[in-house]
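Peer 1: Respectively, the protein sequence lines represent chains R and D. Here my numbering is used: the first residue of the first sequence is 1, the next is one more, and so on. Here my numbering is used: the first residue of the second sequence is 1, the next is one more, and so on.
Hints may contain errors.
As the list claims (entries may be wrong) - Listed below are the simulated DSSO-like cross-link pairs for lysine-lysine, each with C-alpha atoms no more than 30 Å apart in a straight line:
(1) R:248 / D:28
(2) R:179 / D:56
(3) R:179 / D:28
(4) D:9 / R:179
(5) R:196 / D:80
(6) R:178 / D:4
(7) D:37 / R:248
(8) D:28 / R:178
(9) R:178 / D:9
(10) R:179 / D:30
(11) D:6 / R:199
(12) D:56 / D:80
(13) R:254 / D:37
(14) D:9 / R:245
(15) R:239 / D:30
(16) R:196 / D:9
(17) D:9 / R:37
(18) R:254 / R:178
(19) R:245 / D:30
(20) R:248 / D:6
(21) D:28 / D:6
(22) D:80 / R:199
(23) R:239 / D:37
(24) D:56 / R:238
(25) D:28 / R:37
(26) D:80 / R:254
(27) R:196 / D:56
(28) D:56 / R:254
(29) R:179 / D:4
(30) R:239 / D:80
(31) D:28 / D:56
(32) D:30 / R:254
(33) R:179 / R:248
(34) D:4 / R:239
(35) D:56 / R:199
Treat the hints as calculated values from the structure; they're not laboratory data.
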Amino acid sequence: MDINIVFEEIENKLKICLFDLSILESDDEETVLLKNKIVESLRYSLNNTVECSKLSDKFKSNLISNNENVQEDVVSNDEDSHVLENIVPDTIETESTSDNTDDTASNDQVLESVSSEVETQTESTLDNADDTASNDQVLESVNNEVEAQTESTSDNTEDTKDESLEKVNDEIRYSFSKKDDNDPRAILVSQVQFNKLIKSCHTQIESFEVDSFFKKENDISVNNDGIVSDESSESLTKKAIELYKQGKVDEAQKIMDQINSMNH
Amino acid sequence: MEDKIKIIKSDGSSFDAFLVTFLVNDDKTKRYVVYSKNESYGPENNKIIYISKLLKEDENYYVSEIVEDEEWVSVQHLLKLIANS
């Protein structure tokens, strides 16, 4: 690559020199002497430059043999270009240049194809514009599909609700009727807090004093006649005794009253 | 295991929920039911819980919603006593 660059530099210099020589059209002695000196110096340069050995023989011979008639050979741009053509194939850049030249035509073809593509796209765009109305139809159909899906989803939801109701109905512990239409107040708790609240449920029920409504069946059993079983009665009595021992006389008394009221 | 409860609205419709716990105020004059609908919120999956007031009439319990802010604050206090214990 470096050699090629040197080649090009020398070549350019030579061309410039030759061009300058062509300007020297005068046939006076000074001009002829100057020409000769230049040619000599060029010859010297050519002979002493390694890179110049790679110059085409034709170029060298044209140059060297042009001692007496330099102007004719050198000034000719055609020959010059012809000489350059011999050098050109050695350089990749020129090849690519020629390829580029060839590509120019193909580029035109590409451009044409691109243009046709643009036209096609424009046509398709226009088609899209025409399709705007059909898009509305598509939207309508999509909406219909969404509605249908929503309906099916709601159906599924209803199914799920029904299933869950069936399952839950068997396990529902308490049932409460609402007294008003207000929405319940809600609060966010962490999972840890949530678990603590769940664990506290039994304790909290006990703190409700004695109320059969909140007692689990294994805690207290009431028969159809409203009579508390012996087992629950005993546990309540024990609890009442404990409360008495703790000095909670009123609470203990309430439990005893509750037991009595249930048994009568 | 969480117990399930059923809340029947005034229009006759009902929904099921999971019983979380009950709350009782200090003088045991007011009782509340805490329940969830198994709803989570946020990246930490915080639980949404609902609190309603329990009213006893003729040996039956009804739920009524907390309207007064003052009462809501006291209920939150009761809740925190357990949740942050």
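Peer 1: Hints first: check each against the structure and report whether it holds.
Peer 2: Outcome of the hint check:
Taken as a hint, the residue 248 (chain R) and residue 28 (chain D) pair is honoured in the structure, with Cα atoms around 14 Å apart against an allowance of 30 Å. Restraint check for residue 179 (chain R) and residue 56 (chain D): satisfied, since their Cα atoms lie roughly 11 Å apart, inside the 30 Å limit. Using a Cα cut-off of 30 Å, the hinted pair residue 179 (chain R) and residue 28 (chain D) holds, with the two alpha carbons roughly 21 Å apart. Proposed proximity of residue 9 (chain D) and residue 179 (chain R) is supported: the alpha carbons are some 8 Å apart, at most 30 Å.
About 10 Å separates the Cα atoms of residue 196 (chain R) and residue 80 (chain D), which keeps this hinted pair within 30 Å; it holds. Note on residue 178 (chain R) and residue 4 (chain D): the hinted pairing holds, with a Cα-Cα distance of about 16 Å set against a maximum of 30 Å. A distance of roughly 37 Å separates the Cα atoms of residue 37 (chain D) and residue 248 (chain R); the hinted pair therefore is violated under the 30 Å criterion. This hinted pair checks out: residue 28 (chain D) and residue 178 (chain R) have alpha carbons roughly 21 Å apart, not beyond 30 Å.
For the suggested pair residue 178 (chain R) and residue 9 (chain D), the alpha carbons sit about 5 Å apart, so the restraint of at most 30 Å is met. A hinted pair counts as satisfied when its Cα atoms are at most 30 Å apart, and residue 179 (chain R) with residue 30 (chain D) qualifies at roughly 15 Å. Annotation: proposed proximity of residue 6 (chain D) to residue 199 (chain R) holds, straight-line Cα distance about 20 Å (limit 30 Å). Restraint check for residue 56 (chain D) and residue 80 (chain D): satisfied, since their Cα atoms lie roughly 25 Å apart, inside the 30 Å limit.
For a cut-off of 30 Å, the pair hint linking residue 254 (chain R) to residue 37 (chain D) is broken: about 35 Å separates their Cα positions. Of the pairs offered as hints, the one joining residue 9 (chain D) and residue 245 (chain R) is violated, with about 44 Å between alpha carbons and a cut-off of 30 Å exceeded. Distance hint between residue 239 (chain R) and residue 30 (chain D) is fulfilled; the C-alpha atoms sit about 22 Å from each other, no more than 30 Å. Between the alpha carbons of residue 196 (chain R) and residue 9 (chain D) the distance comes to roughly 28 Å, so the proposed pair stays at or under 30 Å and holds.
Proximity of residue 9 (chain D) to residue 37 (chain R) is assessed by CA-CA distance (about 119 Å); at most 30 Å being required, the pair is judged violated. Of the pairs offered as hints, the one joining residue 254 (chain R) and residue 178 (chain R) holds, with about 28 Å between alpha carbons and a cut-off of 30 Å not exceeded. For the given pair, residue 245 (chain R) sits about 26 Å from residue 30 (chain D) by alpha-carbon distance, which is consistent with the 30 Å threshold. Taking the CA atoms of residue 248 (chain R) and residue 6 (chain D), the gap is near 34 Å; set against the 30 Å cutoff, the hint is violated.
Taking the CA atoms of residue 28 (chain D) and residue 6 (chain D), the gap is about 24 Å. The hint holds against a cut of 30 Å. Between residue 80 (chain D) and residue 199 (chain R) the alpha-carbon distance is near 14 Å, which keeps this suggested pair within the 30 Å criterion. Using a Cα cut-off of 30 Å, the hinted pair residue 239 (chain R) and residue 37 (chain D) is violated, with the two alpha carbons roughly 34 Å apart. Only pairs whose Cα atoms come within 30 Å are accepted, and residue 56 (chain D) paired with residue 238 (chain R) is accepted, the gap being roughly 26 Å.
Of the pairs offered as hints, the one joining residue 28 (chain D) and residue 37 (chain R) is violated, with about 127 Å between alpha carbons and a cut-off of 30 Å exceeded. Of the supplied pair hints, the one linking residue 80 (chain D) and residue 254 (chain R) holds, its CA atoms being roughly 28 Å apart against a limit of 30 Å. With a C-alpha separation of about 26 Å, the suggested pairing of residue 196 (chain R) with residue 56 (chain D) holds against the 30 Å cut-off. Note on residue 56 (chain D) and residue 254 (chain R): the hinted pairing holds, with a Cα-Cα distance of about 17 Å set against a maximum of 30 Å.
Proposed proximity of residue 179 (chain R) and residue 4 (chain D) is supported: the alpha carbons are some 20 Å apart, at most 30 Å. Our distance criterion of 30 Å between C-alpha atoms is met by residue 239 (chain R) and residue 80 (chain D), whose separation comes to about 27 Å. Using a Cα cut-off of 30 Å, the hinted pair residue 28 (chain D) and residue 56 (chain D) holds, with the two alpha carbons roughly 13 Å apart. A C-alpha spacing of about 17 Å is found between residue 30 (chain D) and residue 254 (chain R), which places the hinted pair at or below 30 Å, so the restraint holds.
Note on residue 179 (chain R) and residue 248 (chain R): the hinted pairing is violated, with a Cα-Cα distance of about 34 Å set against a maximum of 30 Å. Of the pairs offered as hints, the one joining residue 4 (chain D) and residue 239 (chain R) holds, with about 27 Å between alpha carbons and a cut-off of 30 Å not exceeded. With a C-alpha separation of about 24 Å, the suggested pair residue 56 (chain D) and residue 199 (chain R) falls inside the 30 Å cut-off, and the hint holds.
Hint compliance for this structure: hints 7, 13, 14, 17, 20, 23, 25 and 33 are not met, and every other hint is.
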